[in-house]
Amino acid sequence: MSTINLKINNIPVTVAAGSTILEAARAAGVKIPTLCYLKDINAIGACRVCVVEVKGARSLVASCVYPANEGMEVFTSTPKVIESRRTTVELILSDHNKNCLSCVRSTNCELQSLAEELGCNAQKFSGESKFYPVDASHASIVRDNSKCILCRRCVAACKNYQTVSVIGANARGFDTHISCLFEKGLNEVACVGCGQCINVCPTGALREKDEIDNVIAALNDPSKTVVVGTAPSVRIGLGEEFGYPIGANVEGKMAAALRRLGFKHVFDVDFAADLTIMEEGYEFISRVKNGGKLPMITSCSPGWVKFIEHNYPELIPHLSSCKSPQQMFGAVAKTYYAEKLGVDPKDMYVVTIMPCTAKKFEKGRPHQDAAGVPDIDAVLTTRELARFIKRQGIMFKELPDEPFDSPFGIGSGAGLIFGSSGGVMEAALRTVAEVLDGKPLKKLDFQDVRGMTGIKEASYKIAGINVKVAVASGLKNARELMEKIKKGEADYHFIEIMACPGGCLNGGGQPIQSAETRNFTDYRTLRMNAIYSADKSMKLRKSHENPAIKEIYKEYFGEPNGNRAHHVLHTRYVARSKF
Amino acid sequence: MAKIKLTKIPFKGTDGQERELRAALAEIKKKKGAVMPALQRAQEIYGYLPMEVQQIIAEVLEVPAEEVFGVATFYSQFTLNPRGQYNVSVCLGTACYVKGAGEVLDALKIQLGIEADECSEDGKFSLNATRCIGCCGLAPVMTINDSVFGKITADDVEKILADY
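These protein sequence lines are chains A and B, in that order.
Going left to right, the first sequence walks through residues 128 to 706 as this note's numbering numbers them.
Going left to right, the second sequence walks through residues 8 to 171 as this note's numbering numbers them.
Bound-form chain A, shown alone (with noise of 0.2 Å):
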């Protein structure tokens, strides 16, 4: 690999041919703030805050895609440098919604920790401003363009992460706004609501549905039990909003909080996610020996379920009938458990804390009513709960660590895995491997669908057969792996599809990173890192041998995809427009 030597701030570095100067800056250990640059999905050059002075340049250049060169020297912090860095700001500034003390985003937004930063002059330039109504009309995200700086990357994480692509820059100079086609609301359009722009948006102009005051209103009505599960992520993610490292694991914080919001029945959507694998796994099962639709594909993440409706609706016979693992919780909750409480399931309330923003979609989908109301009627995103235990006053960190109530709260090491990518698949493979082969498994890690890589294929002799399998996680992978399919290039068995990249440790619910963490570091590996280590840990691995899951299936449904079963927790899809 060839070398390139320049000096920074006349420190001599040594980077690889090919890096920026933002790069080999970061090598001599100086940091160069950006507002606009994205690793890996948006290096635009546009914003100007990167600038740098380039001996011999005749301006001002752009590091976040000016190469490095041999013998250059870079100055990163001069007056000239920092002076055009504060009138950038100033000039954004000058058109930006300042409602900073009621924004979601106050004191995690990387305009106003730039404007801090360089000494910005907030009010220093007045003119005409854009005005753009709110779009709130999608049930999981909200844009508010008075807030957004045009700097793309919400645009860059739909198409490029996602392939989705229904947002883009719309007119021109200083009309140029973030939209979508013919300026329809983001629910007229093939948006699956990932929430994969909230996380990369430095602002507060795009962000999740609030729930909050819903389920405030929920737990203070008398009439309601009000039931709680989280999911396996949630645990991972919390932590950051509360100054824990990357992570951590706060299971046993997260149930205390819960219970001092007022929450009565805390339960653990990983107990659903078990379900979901001895329902999936036997339907596996099922069309293999059947000979029905192969290869099968998860249906677990709603962002994925609705982008293969979109795009590729011929293919919706692959996807396994399940119901996702939440509104798994919220139908055995509405029946199972409220027939064991007594109580009608009207009068019962299911919230779901979830690192997910298309879950909240999720929620309002047709067919998602095994006990004649919907089984769902909160989603919380990981954000929200933060916000909710915050605005409570309780301290997160001072909470003992509680478990979660029975008879939901036992959850497997196999269903706390579904929190990354490849988790619902070595699930699968942990229950489906020991039922065929009828004895238990030498070994449990199924290394080969674990990582971030985003499409990982491997196979696995089970019964005589060799079971070829495939998991892809975010939406451009997806549509590979698709396109495999239409072409018959593909003979798996079965496919795992999370919409967000790495899975739902990276989900759109959960903490927002800014692009200062994820340029530099591998938050989604250190999340991913504290599943598996907690998995590993464990003594329930296996879905199949959870109690809780034996008891349900003996005292409600009997056999796995058996009729009470179906009519509780599989549903169905709907074919919708490309645009």
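Treat the hints as calculated values from the structure; they're not laboratory data.
On a predicted model such as this, the values are computed, not experimentally measured, just so you know.
Here a beta-carbon is modelled for each residue, glycine too, at the ideal position from N, C-alpha and C.
Accuracy of the hints is not assured; some may be wrong.
What the hints assert, rightly or not - Just the calculated beta-carbon pair ranges, DEER-fashion:
| hint | chain 1 | residue 1 | chain 2 | residue 2 | range |
| --- | --- | --- | --- | --- | --- |
| 1 | A | P194 | B | K10 | 56 to 66 Å |
| 2 | A | G300 | B | D129 | 29 to 39 Å |
| 3 | B | K10 | A | N347 | 36 to 46 Å |
| 4 | A | S233 | B | L13 | 26 to 36 Å |
| 5 | B | L168 | A | S233 | 51 to 61 Å |
| 6 | A | N341 | B | T101 | 54 to 64 Å |
| 7 | B | C139 | A | N136 | 51 to 61 Å |
| 8 | A | S186 | B | T101 | 31 to 41 Å |
| 9 | B | S83 | A | S660 | 53 to 63 Å |
| 10 | A | G312 | B | K19 | 38 to 48 Å |
| 11 | B | E128 | A | A702 | 29 to 39 Å |
| 12 | B | E165 | A | G312 | 14 to 24 Å |
| 13 | B | K39 | A | H694 | 51 to 61 Å |
| 14 | A | N341 | B | Q47 | 28 to 38 Å |
Said to hold, decoys possible - Straight-line Cα separation of at most 27 Å, DSSO-like style, residue types lysine-lysine; simulated pairs:
| hint | chain 1 | residue 1 | chain 2 | residue 2 |
| --- | --- | --- | --- | --- |
| 15 | B | K38 | A | K613 |
| 16 | A | K705 | B | K37 |
| 17 | A | K336 | B | K10 |
| 18 | A | K705 | B | K38 |
| 19 | A | K257 | B | K116 |
| 20 | A | K705 | B | K116 |
| 21 | B | K12 | A | K705 |
| 22 | B | K116 | B | K15 |
| 23 | B | K12 | A | K257 |
| 24 | B | K36 | A | K603 |
| 25 | B | K10 | A | K611 |
Based on these hints, arrange chain B on the given structure of chain A.
Here is chain B on its own, set in the frame of chain A:
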């Protein structure tokens, strides 16, 4: 300015126009950067760029429809609004402007009930504000299709339109 002006006129494209567009796109698709020439060709065929046409372009060229819309709204040569049976243009060049073309345009907006770059819902009139059309001696000037009306005032507008 908030949102981009969109027409409420229903799409009236013919099968013949669509065949012509698809034939052209089959050729254009082979080139790099096909969206611009595709939009230009489509505007030649349809006179404007309705949503239905942009979706055909997106589908055939295999680019996101939002990207096509982004290009169509970036360049001022592209229009999303159809021309009416009678296309009314008011010159806003310097000479016409100082002679009161602004008031003429305002009067037209009120009379026709549409803004500049829009088409009336019955498809009869469209309204444009143009740059200098080169007959400053007649300022202020407006045209309706090929007819030229010079030295007009805002008060004349109603009478002129009455003949159409």
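Evaluated hints:
For P194/A paired with K10/B, a C-beta distance near 40 Å fails the hint of 56 to 66 Å. At roughly 32 Å, the beta-carbon separation of G300/A and D129/B lies within the given 29 to 39 Å, and the hint holds. Range check, K10/B to N347/A: about 40 Å between beta-carbon atoms, so the 36 to 46 Å window is met. At roughly 35 Å, the beta-carbon separation of S233/A and L13/B lies within the given 26 to 36 Å, and the hint holds.
Roughly 54 Å separates the CB atoms of L168/B and S233/A, a value that falls within the hinted 51 to 61 Å. The supplied range of 54 to 64 Å is met by N341/A and T101/B, whose beta-carbon atoms lie about 59 Å from each other. Against the hinted window of 51 to 61 Å, the Cβ-Cβ separation of C139/B and N136/A comes to about 54 Å, which satisfies the hint. Checked against the hint of 31 to 41 Å, the pair S186/A and T101/B passes, with Cβ atoms roughly 35 Å apart.
Hint check: S83/B to S660/A, Cβ distance near 58 Å, so the stated range 53 to 63 Å holds. Here the CB-CB span from G312/A to K19/B is close to 26 Å, at odds with the stated 38 to 48 Å. The beta-carbon spacing between E128/B and A702/A, approximately 33 Å, falls within the hinted interval of 29 to 39 Å. Distance hint for E165/B and G312/A: a CB-CB separation of about 39 Å, inconsistent with the stated range 14 to 24 Å.
A hinted range of 51 to 61 Å holds for the C-beta pair K39/B and H694/A, which are about 54 Å apart. A C-beta distance of roughly 50 Å is found between N341/A and Q47/B, which places it outside the suggested range of 28 to 38 Å. Restraint check: the Cα-Cα separation between K38/B and K613/A comes to about 26 Å, which is no more than 27 Å; the hinted pair holds. The suggested pairing of K705/A with K37/B holds, with an alpha-carbon distance near 23 Å, which does not exceed 27 Å.
In summary, the hint linking K336/A to K10/B is supported, as the alpha carbons are separated by about 23 Å, within the 27 Å threshold. With a C-alpha separation of about 24 Å, the suggested pair K705/A and K38/B falls inside the 27 Å cut-off, and the hint holds. Taken as a hint, the K257/A and K116/B pair is honoured in the structure, with Cα atoms around 23 Å apart against an allowance of 27 Å. Of the pairs offered as hints, the one joining K705/A and K116/B is violated, with about 37 Å between alpha carbons and a cut-off of 27 Å exceeded.
Simply put, K12/B and K705/A have alpha-carbon atoms about 23 Å apart, close enough for the 27 Å limit, and the pair holds. For the hint pairing K116/B with K15/B, the CA-to-CA distance comes to about 17 Å; that is within 27 Å, so the pair holds. At roughly 16 Å between alpha-carbon atoms, K12/B and K257/A fall within 27 Å of each other, so this suggested pair holds. About 23 Å separates the Cα atoms of K36/B and K603/A, which keeps this hinted pair within 27 Å; it holds.
Taking the CA atoms of K10/B and K611/A, the gap is about 40 Å. The hint is violated against a cut of 27 Å.
Hint check: violations occur at hints 1, 10, 12, 14, 20 and 25; the rest are consistent with the structure.
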